[in-house]
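**Q** Residues per chain are reported as follows:
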Amino acid sequence: MIDTAALLARLEAVEARLRVAEDQLALSRIIASYGPAVDSGSAGTTADLWTEDGVYDTFPVVLHGRTDLSEMVTGELHQSLIQAGAAHLMGPPRIDLDGDRAVVTHYSQLVLRDEAGDGYRVWRTGVNRWEFLRTEQGWKATHRVNRQLDGSAEARELLVMLA
Amino acid sequence: MIDTAALLARLEAVEARLRVAEDQLALSRIIASYGPAVDSGSAGTTADLWTEDGVYDTFPVVLHGRTDLSEMVTGELHQSLIQAGAAHLMGPPRIDLDGDRAVVTHYSQLVLRDEAGDGYRVWRTGVNRWEFLRTEQGWKATHRVNRQLDGSAEARELLVMLA
Amino acid sequence: MIDTAALLARLEAVEARLRVAEDQLALSRIIASYGPAVDSGSAGTTADLWTEDGVYDTFPVVLHGRTDLSEMVTGELHQSLIQAGAAHLMGPPRIDLDGDRAVVTHYSQLVLRDEAGDGYRVWRTGVNRWEFLRTEQGWKATHRVNRQLDGSAEARELLVMLA
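Chains as they are written, first to last, in the numbering used here: chain H, 46 to 208; chain Z, 46 to 208; chain C, 46 to 208.
One chain only, chain H, in its complex shape:
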């Protein structure tokens, strides 16, 4: 005789573990979506990765909320970059889940077409730390900080925190 109460408990444990795996895959997908969103100039898609009042701290600029985020994409600097050939490359994410919150860490690069040579040059290489919240519309970023790995103590200290 198999105990259906024990079966139920095991099933509930599986459901909880599966949700953790699904969360990791969903958060990975968001990181993999950022590049196509900004490099295609899709302002709304980009802004929707954040909560309505989400913050993007990308030194020396701090963007507050979806309107700021959208204007980053439609702005003159970003438009000139993508029309000359640019790629926002994201490294594999490291995900730290805590229930309905998550922290995601990854490297990023901004690569530009090099008009002088037949190729591309790496303009920026940095580290990113995103904070995510589970919402009714899925995981949304409440905060992202991006810092260049330029030898400054600040970037290394951000990495220490992440290590």
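It is possible that part of the hints are untrue.
[What the hints assert, rightly or not] List time: in silico DMTMM-like cross-link candidates among lysine to aspartate or glutamate, alpha-carbon distance up to 20 Å:
| id | chain 1 | residue 1 | chain 2 | residue 2 |
| --- | --- | --- | --- | --- |
| 1 | Z | Lys185 | Z | Asp102 |
| 2 | H | Lys185 | H | Glu121 |
| 3 | C | Lys185 | H | Asp141 |
| 4 | Z | Lys185 | Z | Asp93 |
| 5 | Z | Lys185 | C | Asp141 |
| 6 | C | Lys185 | C | Glu121 |
| 7 | H | Lys185 | H | Asp159 |
| 8 | H | Lys185 | Z | Asp141 |
| 9 | C | Lys185 | C | Asp141 |
[Said to hold, decoys possible] Chain H stretches covered by chain C per the calculated footprint, using a threshold of three residues with CB under 8 Å from any CB of chain C:
| id | segment |
| --- | --- |
| 10 | 47-61 |
| 11 | 132-145 |
| 12 | 173-186 |
Derived by calculation from the structure, the hints in this document are not laboratory data. Positions of the beta carbon are idealized from the N, C-alpha and C atoms, including for glycine.
Add chains Z and C to chain H, keeping to what the hints say.
**A** Below, chains Z and C without anything else, positioned relative to chain H:
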């Protein structure tokens, strides 16, 4: 009294969700396999990532079927690249599953050893859109398009579609 | 009437499949942790990715055990690199699981801040093959080999094995 019919329904839901997670992991693994396959000159392994009549549209060349794909790897251009030091780097994949079909998007770079300097140079940076089909031999690509992010409208439009 | 023995068998199959998915996610997370560990100079965090007597074969140096690994991070060469601006970038991992053992393959790059230009240069591009063991402290590396893709037969042969 626990309802075994309800238990069965929950278990079936878990099985379906788990299959979705497994599909995402399997597709990620295929993308992570492409570089080792081509950079080692493994023509058969490369061709087997596609269906028998799978297409690889890499402007200005369009390859049709496994024989074309295999000949790309054994061909003079590719062989000279890998013998001089080359790496086909793939970015993290964004996966859109739809039952037995899937679309996978990622960036890629072709990095070459730079004989002049002590290092490597980024020769190509592009975006890839793969279409996959679930077959009896696992997921196989039916179509892949690769376009350089060189500022052309075509590459950005491909990204808009993907965003 | 639903057969509880059949329910149990299906649940056990799901548990086994879920563990495989979790293992893949855990191993991915380790690879995504390596860069932050070394680029922040976190010697202990880096060494703890390996078993106590784990090996890191990074031609021409072979490091044996956590003390060697820790000293790599605190050593003069590594410290001078990260204080000038350096990023150890990891590509998406390809994971081959076999019970309590796993082999993980990925590309890596070492990118340095280029003082002459406003940007970064790719100093190293290589392939990595890690061997992992499931321990009571989670997955730990027993062996990692790293080889540059410099056109040498050795690197390509490593890739053939991996393909």
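**Q** Does each hint fit the structure? Answer for all of them.
**A** Outcome of the hint check:
For the hint linking Lys185 of chain Z to Asp102 of chain Z, the alpha-carbon distance of about 16 Å falls within 20 Å, and the restraint holds. Pair hint Lys185 of chain H plus Glu121 of chain H does not hold up; C-alpha atoms about 26 Å apart against a cutoff of 20 Å. Using a Cα cut-off of 20 Å, the hinted pair Lys185 of chain C and Asp141 of chain H holds, with the two alpha carbons roughly 18 Å apart. A hinted pair counts as satisfied when its Cα atoms are at most 20 Å apart, and Lys185 of chain Z with Asp93 of chain Z qualifies at roughly 8 Å.
Only pairs whose Cα atoms come within 20 Å are accepted, and Lys185 of chain Z paired with Asp141 of chain C is accepted, the gap being roughly 18 Å. In summary, the hint linking Lys185 of chain C to Glu121 of chain C is not supported, as the alpha carbons are separated by about 26 Å, beyond the 20 Å threshold. With a CA separation close to 34 Å, the supplied pair Lys185 of chain H and Asp159 of chain H exceeds the 20 Å bound. For the hint pairing Lys185 of chain H with Asp141 of chain Z, the CA-to-CA distance comes to about 18 Å; that is within 20 Å, so the pair holds.
Restraint check for Lys185 of chain C and Asp141 of chain C: satisfied, since their Cα atoms lie roughly 15 Å apart, inside the 20 Å limit. Under the rule that three or more residues need a Cβ within less than 8 Å of chain C, the assignment of the segment 47-61 of chain H holds, with 6 such residues. Counting residues of the segment 132-145 of chain H whose C-beta sits closer than 8 Å to any C-beta of chain C gives 5, which meets the bar of three, so the coverage hint holds. Coverage of a stretch by a chain is defined here by at least three residues with a beta carbon nearer than 8 Å to that chain's beta carbons; for the segment 173-186 of chain H and chain C the count is 0, and the condition is violated.
Going through the hint list in order, the structure does not satisfy hints 2, 6, 7, 12.
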